[in-house]
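Participant: Given next are the chains, with one letter for each unit.
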Amino acid sequence: MMLQHIDKTERLSRVVVHHGIAYFSGLTADDKQEDTRGQTAQILAKADLYLERIGSNRASIISAMIWLRDIGDFDQMNLAWVDWIDKSAPPARATVEAKLGLPEILVEIQFTVAIPD
Amino acid sequence: MMLQHIDKTERLSRVVVHHGIAYFSGLTADDKQEDTRGQTAQILAKADLYLERIGSNRASIISAMIWLRDIGDFDQMNLAWVDWIDKSAPPARATVEAKLGLPEILVEIQFTVAIPD
Amino acid sequence: MMLQHIDKTERLSRVVVHHGIAYFSGLTADDKQEDTRGQTAQILAKADLYLERIGSNRASIISAMIWLRDIGDFDQMNLAWVDWIDKSAPPARATVEAKLGLPEILVEIQFTVAIPD
Chain A
0 MMLQHIDKTE RLSRVVVHHG IAYFSGLTAD DKQEDTRGQT AQILAKADLY LERIGSNRAS
60 IISAMIWLRD IGDFDQMNLA WVDWIDKSAP PARATVEAKL GLPEILVEIQ FTVAIPD
Chain B
0 MMLQHIDKTE RLSRVVVHHG IAYFSGLTAD DKQEDTRGQT AQILAKADLY LERIGSNRAS
60 IISAMIWLRD IGDFDQMNLA WVDWIDKSAP PARATVEAKL GLPEILVEIQ FTVAIPD
Chain C
0 MMLQHIDKTE RLSRVVVHHG IAYFSGLTAD DKQEDTRGQT AQILAKADLY LERIGSNRAS
60 IISAMIWLRD IGDFDQMNLA WVDWIDKSAP PARATVEAKL GLPEILVEIQ FTVAIPD
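Chains as they are written, first to last, in numbering that gives the first Met the number 0: chain A, 0 to 116; chain B, 0 to 116; chain C, 0 to 116.
Heads up, a few of these hints could be off.
Which copy is meant is left open, so a pair is good if it fits within one copy or across any two.
Unchecked claim - Straight-line alpha carbon distances no greater than 16 Å define the calculated EDC-like cross-link-like pairs of lysine to aspartate or glutamate that follow: (1) LYS98 - ASP72; (2) LYS7 - ASP85; (3) LYS86 - ASP6; (4) LYS86 - GLU9; (5) LYS98 - GLU9.
Hints in this document: simulated from the structure, not taken from any laboratory.
Produce the entire structure from the sequences given, and follow the hints as far as they go.
Facilitator: So this is what it looks like as structure tokens:
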């Protein structure tokens, strides 16, 4: 198969792998009672699980698209982010404000990841 | 040529192909009188035409970025979406709210697509 | 190294190169006193510097994601854009409205670029 689909729902795959690159769907936190820092930490923990499943790692993340419900939470998100990324190999990144799928979703992150040969 | 450009305007190409991957511009509906479900269906019909032109198909879509003018139309968009995608091979996806190029544009979708060898 | 990281900060790399494709972080203008046309021109001048550093050029840009703080500035952004792009090889593109990292940031652009062999 040219494409590999991971965790399919009727609408999307959580991850699609093509020629050594993994394209993630936007990830959100499961516990939406937490604040932006907490939700970001949950998303990054979830990303770790997918990174392991596809045989990759934090240092192989190519890029990250980050949406914040309130761009004023930029610093809160970054607190969780800088704790998590591999500082020797930080991804390209863009962060913008957007309303997300549910009002209680404060942050959503979409990764593009290289899979080591 | 390393890059192939399809339907060039003075600002953009509707599709750019590079090494077996087609990068689409954001697609919008031609008839903007329709509601979000109708505009989504128009976009997906337009995507079919480009998929055919590049020798690809719905099962080879890697990812889709979806912008809704009103995130409250999420379910309406999904009605058209689930009717259209290949359920054995759903793409990665993210959906966020954003104001788009014209007030009457209710939905815009940008695809990244693999081209079968 | 599978990935090459250019201009690393503690949060991100300005550009990450993987298998002949350069993934840029969102670029913004340094002088945020300028209007949207001026900020766009600054961003594109900055892009030129990175294109040169990675051994690429305007004709090899695959796609561009453009965020405007006010979608009403669409035409202003385009004035700078059409002056800059290689009209024989325009990238795929999407443009949406979003609040960006600081209130005075009126436009942000993220490029994906092929590197000629």
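Participant: Against the structure shown, which of the earlier numbered hints fail to hold, in ascending order?
Facilitator: Violated hint: only 5; rest satisfied.
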